[in-house]
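Enquirer: Residue strings, one per chain:
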Amino acid sequence: MEDLKIGVFICNCGTNIAKVVDCDAIVDSVERLPYVTVARTYKYMCSDPGQDMIQADIEEHGLDRVVVAACSPRMHEPTFRKTLQKAGLNPYFLEMANIREQCSWVHDDPVAATEKAAALTAAAVLRVAHHEALERRSVDMCPNTLIMGGGIAGMSAALDLADAGNRVYLAERSDHLGGNVARADLTAPYLDSARDMLTERVTRVVEHPNIDVLLESQVRKVDGFVGNFQTTIRGKADDGAPTDSVYDVGSIIVCTGYKEFDASRITHYGYGKLPNVVTSFELEKMLRAGRVTTKEGRVPQYVAIIHCVGSRNLEFHAYCSRVCCMTALKYAHEVKSAVPGAYVSDIYIDMHAFGKGMEDFYRRSSEIKTLFLMYEKNDYPVIRKADATDDCDMLIEVNETLSGETIEMPADLVVLMVGMEAREDSEEVAHLVNISRDKDGWFIESHPKLDPVATTTDGVYIAGACQAPKDIPDSVAQARAAAARILARTARGKIEIDAVFAEVDEEKCSGCRMCNELCPYVAIEFDPEKRRSHVISALCKACGACVAACPSGAITARHFTDKQIFSEIEGVLA
Amino acid sequence: MTFEPKIVGFLCNWCSYTGADLAGTSRIHYAPNVRIIRVMCSARIDPTFVLKALHDGADGVLICGCHPGDCHYSEGNYKMMRRYPLLKSLLADYGIEDERVRLEWVSASEGQRFADIVNDMTERVRALGPSPVKAALEADLAER
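Line order of the protein sequences matches chains A and B.
Quick note on numbering: our numbering labels position 133 of the first sequence as 128, and the sequence is numbered without any gaps.
One rule links them: number in our numbering = place in the second sequence (from 1) + 2.
Check before you lean on any hint, since a few could be wrong.
[Unchecked claim] Heads up, simulated BS3-like pairs for lysine-lysine below, C-alpha to C-alpha not over 27 angstroms straight-line:
1) LYS8/B / LYS14/A
2) LYS90/B / LYS558/A
3) LYS136/B / LYS558/A
Everything labelled a hint here was simulated from the structure, so no lab data went into it.
None of the values given here were measured: they were computed from a predicted structure.
Using the sequences and the hints, build the whole thing.
Expert: Next comes the structure, spelled out in structure tokens:
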């Protein structure tokens, strides 16, 4: 290692890092470390001029290792690896020090933050000296895609992929396509029919020669890796018996949607006890049938709509379910058209009219004499049975915020705008395809802003309301984005996979086979002739469990070697 | 001057490191005493990493992995979980206080939990004072 030349590039990230961490002080401290040839700061290292600077320094100083102290490697490691590659260096000769997410954004004392940032940068410098040149592996990319869930998102992604000539397996648990959209009548804000929209999608999907629709089917098992998954799907044979089939796919899109909040959990509203307190989906059913009535078959004179049922409430779900406000406004139009002369009141917390056309829709809804009553979060309106002398079935007591008064609203039909929540099987699905869920059970995207479609598992994408509450346009956009991501890869036919995997040194291997049992991917094979184990690199996912467990120290985790980690420990403690 | 403990954190890439990043993007402030080293999975954490950190002057070692059942590699965290009691009994034999080495589960969505763990551990290790390992090593060297 005598001739190593390390360049250290410290990013200010505008003021994100520099306002807490003294980046120039890090330059001074790393310049004293062995092999450091050049150390610099820059405003935005990830910008084109920033990357050009790194590239120029590599060329000018003949750098053979690079440290970038900036944001999380989860953010820009691929960016800077490409920079190295452009300058003719092996991309694995890069190490990043996370001095933003894990330093400047979480500490306020500049002295302590700078000291920590310097330690993290020093660790990266010591580590990178032990980096080895690794070659990424190129494997075939299977052009087929498995889509889990046949709702509006799943079908939209399926059509784009299939139109491009790729095979799609569309697996749906229920016996029909359409998902939750199939339960809606009209849609906000243009009052166009959900049924018409779905009919177009369903017909095209069913008739498409490249789409295999698998109804009443469940994905049971997913093996393999990006470009080369083997998925086992349990469906029904012609005689109705369950039967498992294996499908080879290169990509998976999870579009499993949401379920509605169970309104009976909020006891205040008497759902399940008061017959004329219904959920938004129950009203949709009446609207689709073209007959809005009470349980007793009477035409309701007063219809009250309560917003945020299960949403924006600390007891149940703190998040906003996004679609309910505009759906509630849609009901005002639909109820008034189904029951001319009906009085409609909207009992809401805040009116969320985000998105295209929605603010106009809100205005139009006020113009048709809908009464808006605002209530405070967590101060539930109270519903009670009306007296015999009243001209209505129920009375709703609302502590109305804008007037500051307690108002009693008559109602014959109360509609609860039930929010969206993660499906009960979201945990099972997450395990199946190896993705994470947030605290509310929604699947987590790779990056909330820049990569809202991919997940932490390469080759697995998410779209629609399984990621978070979403309306139809956003679900379709995300689904088609996922399809585009997959097409960009299938078009190339090959896929590059990480060069990081485990290797067995046959000289050191004692043939104890302990690692064979430990490997979750059955990636370690035992050669009975040689009495040695070896790793099938394409199957290895680089967890390193075998490396830490090998009693002979015969297994090396590429890019996470003992030497690299030991030097990192020395660096953070120096 | 108050004693500022140095703690080395070994975090798995998929859950805990991501959770620590989330604490950052959520601007949740916590004590600056933990220096994080990323590994792909908690199962990669060889007990010698912990010993090496203590040897090199760490006052504490924090190990974080995915919650049981949530491991990106299905069951790597169970391997860590089984290794941990052995490591702890070894450390106890050496007279290293229990609270200096800690195993915690932090998911990708638990930025707040990560911050709370770091703060709590920092306070506990601060209360213990500097690690006896480094002083013992120095005394040992001096004798020779």
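Enquirer: Compare the structure with each hint and give your call.
Expert: So, going through the hints one by one against the coordinates:
1. LYS8/B / LYS14/A: Distance of about 24 angstroms is within 27 angstroms: holds.
2. LYS90/B / LYS558/A: holds (23 angstroms)
3. LYS136/B / LYS558/A: holds (21 angstroms)
The structure agrees with every numbered hint stated previously.
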